[in-house]
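Chains A and B, in that order, give the protein sequences. Those letters in the first sequence? Residues 1 to 520, per the working numbering, in order. Those letters in the second sequence? Residues 1 to 520, per the working numbering, in order.
Keep in mind that a hint or two might mislead.
[Claimed, not checked] Computed list of lysine-lysine pairs in BS3-like fashion (alpha-carbon distance at most 30 Å, straight line):
1) A/Lys88 with B/Lys113
2) B/Lys358 with B/Lys12
3) B/Lys88 with B/Lys123
4) A/Lys68 with B/Lys358
5) B/Lys88 with A/Lys269
6) A/Lys113 with B/Lys123
7) A/Lys340 with B/Lys358
8) A/Lys358 with B/Lys68
9) B/Lys68 with A/Lys354
10) A/Lys358 with A/Lys12
11) B/Lys354 with A/Lys123
12) A/Lys354 with A/Lys12
13) A/Lys123 with B/Lys12
14) A/Lys98 with B/Lys68
15) A/Lys98 with B/Lys113
16) A/Lys98 with B/Lys98
17) A/Lys68 with B/Lys68
18) B/Lys10 with A/Lys269
19) B/Lys354 with A/Lys113
20) B/Lys12 with A/Lys113
21) B/Lys269 with A/Lys354
22) A/Lys68 with B/Lys340
23) A/Lys123 with B/Lys340
24) A/Lys358 with B/Lys269
25) B/Lys123 with A/Lys88
26) B/Lys123 with A/Lys123
27) A/Lys340 with A/Lys12
28) B/Lys68 with A/Lys362
29) B/Lys354 with A/Lys68
30) B/Lys10 with A/Lys362
31) B/Lys340 with A/Lys340
Simulated from the structure, these hints should not be mistaken for lab results.
2 protein chains.
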Amino acid sequence: MNQHSAPSGKIKHALSVSREADFAAWYQEVIAEADTVEESGVRGCMVIKPWGYGIWERIQQIMDARIKEAGVQNCYFPLFIPLSYFAKEAEHVEGFAKEMAVVTHHRLIGDGKGGLVPDPDAKLEEPLVVRPTSETVIGAAMSRWVQSWRDLPLLTNQWANVVRWEMRTRMFLRTSEFLWQEGHTAHADRSDAMDETLRALEMYRSFAEDVLAMPVIAGEKPENERFPGAVATYSIEAMMQDGKALQAGTSHYLGTGFAEAAGIRYQDKEGTQQICHTTSWGVSTRLIGGVIMTHGDDDGLRVPPAIAPQQIVILPMLRDDDGDAALLTYCEELRAALAKQIALGERTRVLLDKRPGKATQKRWAWVKKGAPLILEIGGRDATGGQVSVLRRDRLWREDGKVNFAAMARDGFLERASAELEDIQRSLHAEATGRRDANIERGVSTLDGLAEYFAENKRYPGWVELGWSRPTGAALEEVVAKLKALKLTIRNTALNAPAPGGTCPFTGAPAVETITVARSY
Amino acid sequence: MNQHSAPSGKIKHALSVSREADFAAWYQEVIAEADTVEESGVRGCMVIKPWGYGIWERIQQIMDARIKEAGVQNCYFPLFIPLSYFAKEAEHVEGFAKEMAVVTHHRLIGDGKGGLVPDPDAKLEEPLVVRPTSETVIGAAMSRWVQSWRDLPLLTNQWANVVRWEMRTRMFLRTSEFLWQEGHTAHADRSDAMDETLRALEMYRSFAEDVLAMPVIAGEKPENERFPGAVATYSIEAMMQDGKALQAGTSHYLGTGFAEAAGIRYQDKEGTQQICHTTSWGVSTRLIGGVIMTHGDDDGLRVPPAIAPQQIVILPMLRDDDGDAALLTYCEELRAALAKQIALGERTRVLLDKRPGKATQKRWAWVKKGAPLILEIGGRDATGGQVSVLRRDRLWREDGKVNFAAMARDGFLERASAELEDIQRSLHAEATGRRDANIERGVSTLDGLAEYFAENKRYPGWVELGWSRPTGAALEEVVAKLKALKLTIRNTALNAPAPGGTCPFTGAPAVETITVARSY
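Could you build the full structure based on these sequences and the hints that come with them?
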């Protein structure tokens, strides 16, 4: 474990489980203690709480602006998809997934025993599937909207909930219902569609790095990991603090297969009917899980300032006496002054937390939520024009005490924006350093892989190696061998240098570099 | 029909059906021609197209800011609600609605004939209902979140899709799936919950007036129109251009019934367990239907600038020759200059529409969509520093020509913001004038009502009259009499003066004023 600071013996961390001791249990604790999400009592479905949903709103807002900037227009398509649409897809798509929620009735009726049952008289003629993704229903709309070359490219996106019936669920990472955006585009030819596929991938890569402070490798998935029916699938892959990979976003070049099935055709400038090339791309609430497992520490979550619902939290140390009024006035003026500032290109988000409760309890609640800057203001601070500032990413002093810094109010006002920007950079640098330190490039045989991951059970990280890019049955063999080691091929980095040597799986000359890892 | 301007003989309107000739057919035409929404091919579900969805995004953005300003926090709750939650509700709620989409299976399987069917081996033990509204599932979360008086008030909201199985659907107005926000709050006592109920109502009233430019009457629904289980239901009611009322938002004081069913209790300052009082309130994509039927005219939609996805559209009159480059530069500079301005408190939204196509075709497309200001720029305008401006709300000149005004570019830049603000005001004034002119206050008997609505088939408007506020069986009788005339009681305006005279239904003294109307 690449601990971020401080000799740990002296420190009493805010969480009861450390990442080192039990990463899975730590994750459960941090999502609960940071007030982000909880099990809903409905199988595999989340209740996303205000702090977690606030992070999602920030992700949505910034991503949506970038999507629109690329000329993509938001629409909304139906939640329900008739069964027959999927039958068409099942026909042409190998590996078609079948775990979906199926609506079969449209009315409830009393069961005569005080309960309710689906009314047998209200059975749907054609069952409806709750969308797991919307290629089919959006394809049907595109076939109506695209007539001529003038209508292309057709660039659409929707923000929506989708449902995939998952056997084992984990909040944010794999849930039956999740929130996402799905971009769907139609193009005149392969080249234009491929450009869009890679544009979306690059949008995700830079978003992950700049906004989430989460370093990723953008690259192409191997054939066996393609979206069913896609010609090429690309992903961004992030390394979590247990060394596992998280696929954090995908972009697919779908070729003409989906357009054929949906009938998305256009008349070109010469008057000839042509088939469209389509793409789709998406990121989801899974990103929040990625942020937690990238930036969380043994004291809770650390939210990068760019997506923190509140970047600065002001805690007045109220004493239920006559001094409170002046203290609150001082804090409110501080809040107002900070709220006028610009950090990371936007107005600073500041909360004055006046709720009842003990100041230290409130401090630790905000530490666990991961607010980037926490200010504690007492009566003497107010009188003396001081503030007491805690950077969440530098929580502990060497001596094991909480790292509050007292400073003049005006001095803090001058540097608050720079401080937030520095936290954003620091979190990114820390995660990038950890990621880079944990990519192994010295393994070049299957035995070597087995050994490496056997030795490094706790923090295995990733292995980068050259391979011969086998396909079909030869690839299946490689996948099976890796699966026996609980490993998967993540992707082929777009910018990876050509490898030397031979492929450890096939013995043929290596032609490209892949990343191999355990994964979520 | 309260036509907005111009002697109609000379004018060739952009739509083929007028409001006067057939309001329902006009509505169908305007939603299609304005590119707002279309039938999805999935029963009663919408495909909301970019222009329609853009209006919804504007509504969301402004409403969301007002919701947050009131201290309400956004969350996200599950799409699916276990059947047993509804059984609990069905027990305590009379008039419990049963038309819902029911999920009974979680997997598809081949039927052996190339099709797919729900897998009989994947039948859910407990069916799941697709949320028609979320009182039950949010109540369950609130019962976990509320422990002490310190947790109150608990103010939550979610933006979500909901499903109600509707027999007859009409795009935006009544659809099986729709988008909405639903606020859910828990309070320590009746007074605090009632304050919140009325705060939400006032938020909706001012939003409708200021943002949608849609005048409404805010008031209490009669007992028979209450949300099932509510103690009091309030609504805003808007008059459409066919004189019918549209319920455009509701706010419910739920008393303690829902809290009892869900177990939302708190310990008060004295340490005693108390039951919470709850509220819920919502507006939906139905608002877009209201905007269309309030502001649309025989040339299409007119979008109030506050919610127009694009407020100013610049159409360069391209000629596919050497002059195009200079023309585009001129237009781009104009766009950039306008985009820096502030109108209605926000940056102006300006589109330079460079898509291929004839300028007049594009003009009429934007007229039908209802962009508030349309600029046509030809080569000579560019050379002479001119612009040609069309206000969508003053489309025709007296002589039947399109009402373009030529003016100096700089002069237009100076007044563009004021022009947008004037359009916002004008639309509101026009709709308010029409609404006020069509409220009849001279009817005081049931026969009078029958006569009034029989006479005025085409534009009946509303009748305001005093009544004795009967309840129970006496109210049912009134409702039945009105139903025979295809009329309903809309609400009792909050600010209505106490009426004189006797109740036309019961003969008892009138105690409050109600609005009676046909409705959507």
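How the hints compare with the structure:
1. A/Lys88 with B/Lys113: 12 Å, holds
2. B/Lys358 with B/Lys12: OK: B/Lys358 and B/Lys12 at ~19 Å, within 30 Å.
3. B/Lys88 with B/Lys123: 23 Å, holds
4. A/Lys68 with B/Lys358: 25 Å, holds
5. B/Lys88 with A/Lys269: 62 Å, violated
6. A/Lys113 with B/Lys123: 22 Å, holds
7. A/Lys340 with B/Lys358: This hinted pair is violated, its Cα atoms lying about 46 Å apart.
8. A/Lys358 with B/Lys68: At roughly 25 Å apart (the allowed maximum being 30 Å), B/Lys68 and A/Lys358 satisfy the hint.
9. B/Lys68 with A/Lys354: 17 Å, holds
10. A/Lys358 with A/Lys12: Holds. A/Lys358 to A/Lys12 sits at ~19 Å (cutoff 30 Å).
11. B/Lys354 with A/Lys123: 50 Å, violated
12. A/Lys354 with A/Lys12: Answer holds: A/Lys354 to A/Lys12 is near 27 Å, not above 30 Å.
13. A/Lys123 with B/Lys12: 49 Å, violated
14. A/Lys98 with B/Lys68: 40 Å, violated
15. A/Lys98 with B/Lys113: This hinted pair holds, its Cα atoms lying about 17 Å apart.
16. A/Lys98 with B/Lys98: 29 Å, holds
17. A/Lys68 with B/Lys68: With a Cα-Cα distance of about 24 Å, the restraint between A/Lys68 and B/Lys68 holds, given a limit of 30 Å.
18. B/Lys10 with A/Lys269: 38 Å, violated
19. B/Lys354 with A/Lys113: 65 Å, violated
20. B/Lys12 with A/Lys113: It is violated: about 64 Å lies between the C-alpha atoms, which goes past 30 Å.
21. B/Lys269 with A/Lys354: 18 Å, holds
22. A/Lys68 with B/Lys340: 18 Å, holds
23. A/Lys123 with B/Lys340: 56 Å, violated
24. A/Lys358 with B/Lys269: This hinted pair holds, its Cα atoms lying about 16 Å apart.
25. B/Lys123 with A/Lys88: Satisfied, since the Cα-Cα distance of roughly 23 Å is no more than 30 Å.
26. B/Lys123 with A/Lys123: 15 Å, holds
27. A/Lys340 with A/Lys12: Roughly 36 Å separates the two Cα atoms, so the pair is violated.
28. B/Lys68 with A/Lys362: Roughly 22 Å separates the two Cα atoms, so the pair holds.
29. B/Lys354 with A/Lys68: Distance of about 17 Å is within 30 Å: holds.
30. B/Lys10 with A/Lys362: Violated: B/Lys10 and A/Lys362 sit about 71 Å apart, past 30 Å.
31. B/Lys340 with A/Lys340: Between B/Lys340 and A/Lys340 the Cα gap is close to 20 Å, so the pair holds against 30 Å.
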